[in-house]
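Protein chains in written order, with this note's numbering: chain A, 459 to 708; chain B, 110 to 314; chain C, 11 to 231.
To be clear, the hints were calculated from the coordinates, so they are not data collected in a lab. Hints are not guaranteed to be accurate.
Listed next, with one range per pair, are the computed distances between beta-carbon atoms [to be verified]:
| id | chain 1 | residue 1 | chain 2 | residue 2 | range |
| --- | --- | --- | --- | --- | --- |
| 1 | B | Ala-135 | C | Gly-217 | 38 to 44 Å |
| 2 | C | Gly-217 | B | Gly-168 | 31 to 37 Å |
| 3 | C | Pro-199 | A | Val-499 | 48 to 54 Å |
| 4 | B | Gln-280 | A | Ser-533 | 21 to 27 Å |
Please read these numbers as outputs of a predicted model, since none were measured by experiment. Cβ coordinates follow ideal geometry from the N, Cα and C atoms, glycine included.
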Amino acid sequence: MNLIPNWMHRLASPPTFYGFADRLLPWLALVSVVLLGYGLVGGLALAPADYQQGEGFRIIYVHVPAAWMSLFIYSFMAGAAVVTLIWRIKLAECVLTSCAPIGASFTALALVSGMLWGKPMWGTYWTWDARLTSELILLFLYLGVGGLQQAMGDPRAAARACALLAVVGFVNVPIVHYSVEWWNTLHQGPTITKFDKPSIDASMLWPLLSMALGFTTFFGYVLLQRVQNELLWRERGNPWVVGAALAAKK
Amino acid sequence: MTAILSFQNVAIARGDHLLLRDLSGAVHAGEILHIRGANGVGKTSLLEALSGLRNAEQGEVVRAVEPEACHWIGHRNALNPALTPYENLHFWCAVQGVATDNVRGALREFDLQRVAEHPCRQLSAGQKRRAALARLVVVRRPLWFLDEPLSALDEAGVGHWLNLLQAHQQQGGAAIITSHQPLRAPLQGLRTMELAPDSGTRGQA
Amino acid sequence: MEAFVAVLARELRLAARRRAEWALPLVFYAVVATLFALGASPNAPWLKVAGPSILWVGALLAALLSLERLFRGDYEDGTLEQLFVSPQPVSLLVAGKLLAQWLVIGLPLTLMAPLLGVGFGMGAEVIGVLILSLLLGMPALVLTAGFASALVVGLPRTGVLLPVLVLPLVCPVVIFGAGAVRAAESGAPADAPLYFLGAILVLCVCGVPLAAAAALKNALD
């Protein structure tokens with residue numbers, strides 16, 4: 459417990475965090491809108507069409523940031539899992555269980571956008587290439603964590619079980635990535651186009667980064683709201699909950 | 110005399126809610142702590158926290174003896190139904206790092222010699238309980254944690270077990286026992302802790 | 011160490027008394043392989059090509075179905091509590107249990123695979139690689155499934171939850187395992203995937219018993 463600075467310890471208390479989240483949420487919403495707005499306008503309208511792929515490439519402004527988020531959220535979830543397992547902080551448990559559905563959604567978004575990209579590019583909705591297959595397995599990992607949490611009644615035991623699963627899954631993610639890459643290169647011919655990022659022009663790059671950051675702040679926004687709900691539910695016997703819920707109604 | 114086990118301000122949680130809180134007490138050599146309360150109040154959870162099987166939500170439990178010096182007999186008998194009592198106890202000895210010489214003697218003392226080689230699924234509930242309690246005799250240990258030890262025992266079984274408990278006390282052992290019935294014998298050094306939901310204790314230990 | 015051997019001996023004794031527990035997975039394996047053959051036209055060349063995949067996934071499913079109740083019995087009859095109050099580290103005892111499960115379920119499936127492999131048109135070298143890949147891969151499978159069943163030990167009915175938890179975790183094992191057999195079939199060296207299988211196995215052996223013990227402790231809490 460000496461590793462945790464005092465302010466973090468105070469922040470981890472549910473009522474303090476709830477208030478902190480309340481103050482942070484409007485800013486996150488604002489920043490998200492600005493970043494996503496710039497990214498979408500810049501990417502979908504303003505950036506020049508790609509030399510090889512024409513207008514269809516624009517979907518990378520959704521697909522690539524979504525894929526980045528799916529991995530980032532899994533790492534974040536695994537971090538919360540480690541905190542849960544070592545220090546048993548209720549806030550970390552709520553963060554862990556809240557991350558899973560958000561991460562699954564971003565993974566699904568990455569998959570769907572990948573499929574929509576595939577149709578004009580190769581004429582088929584699905585292809586077993588390394589990235590899509592890895593994303594699919596990542597989606598199953600997320601669904602496993604979510605399913606386990608739903609199946610167990612006791613929220614603390616469920617959170618700890620999900621934490622163990624998330625950590626084991628996290629160790630597994632690089633192995634999965636590598637194994638799928640290896641599997642994909644076994645029968646890869648030179649004719650198959652990959653989702654390669656070519657040397658990318660600045661006018662294309664900035665909207666992409668903006669989308670990635672925008673997605674991150676959006677994730678923060680949604681996560682804080684879910685964590686707030688989770689805290690209210692799990693602390694429902696405690697007096698501070700009534701005050702917070704009444705304040706939220708106004 | 111230092112306590113074999115002492116606990117301060119212990120709170121027991123189930124899920125997100127506290128079952129019990131502000132429990133304190135101590136057990137010394139030769140004493141028996143009898144934890145009583147209605148079904149579901151948390152006696153087993155408290156016993157598990159005292160023995161170290163689960164973590165107390167708040168508070169502190171200090172044990173002066175190592176886990177190797179404690180007997181834990183839960184309300185489930187820890188007998189695999191496909192194995193015989195002899196095999197089950199033999200396995201228990203191996204896992205505990207204890208010599209297996211006393212197993213047959215222990216089973217005989219608990220009047221199980223006739224069924225010692227039958228699979229446990231063929232034993233009655235009382236016989237299974239006695240087989241579980243036979244661990245107390247296989248190796249002597251100073252601190253006992255017993256959860257509902259008398260369940261399913263007949264008069265003879267209860268009488269025999271009470272004698273065992275008295276002998277254990279006289280040798281300086283201690284025991285923490287949960288049950289919802291009173292212990293029907295005038296035992297010296299017996300203290301009772303009554304548990305009520307979401308409050309401290311009555312009849313402080 | 012004695013405790014590890016005692017756990018192992020107990021599991022083997024229990025398996026000997028409940029023969030259905032280790033015989034049925036073998037039957038299941040054969041049935042699954044047969045169903046795939048029945049789903050294709052008789053002696054279709056497709057079967058030879060799909061053989062490695064079918065045999066690997068069939069073995070995985072057969073093992074998975076048997077491992078769901080791995081810790082449930084001990085949890086329900088109270089033996090698990092006794093393991094936690096013993097002086098031995100629980101991860102060691104869990105490792106013993108998982109080793110026994112591999113011996114009783116995983117190893118027979120591994121030995122049965124060649125028989126089914128003949129039905130899928132595999133030659134001798136290919137069958138050799140098949141056995142080797144299963145020898146390396148099945149223990150990893152058993153360990154992972156053991157971890158997952160430790161996670162869900164307290165749940166009354168898990169249904170399909172256990173396969174959903176296990177299958178994403180064992181994707182690399184299937185990829186490398188079936189990949190090794192396919193490499194052998196096309197005449198390429200199968201060393202790389204076999205080495206990776208070995209590495210994954212070592213990782214599982216080191217990490218899974220600890221994780222499973224933590225999961226069991228969580229269930230008792």
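Checked hints:
no.: 1; hint: Ala-135/B / Gly-217/C: 38 to 44 Å; in the structure: holds, 41 Å
no.: 2; hint: Gly-217/C / Gly-168/B: 31 to 37 Å; in the structure: holds, 33 Å
no.: 3; hint: Pro-199/C / Val-499/A: 48 to 54 Å; in the structure: holds, 53 Å
no.: 4; hint: Gln-280/B / Ser-533/A: 21 to 27 Å; in the structure: violated, 57 Å
The earlier numbered hint that this structure contradicts is number 4, and it is the only one.
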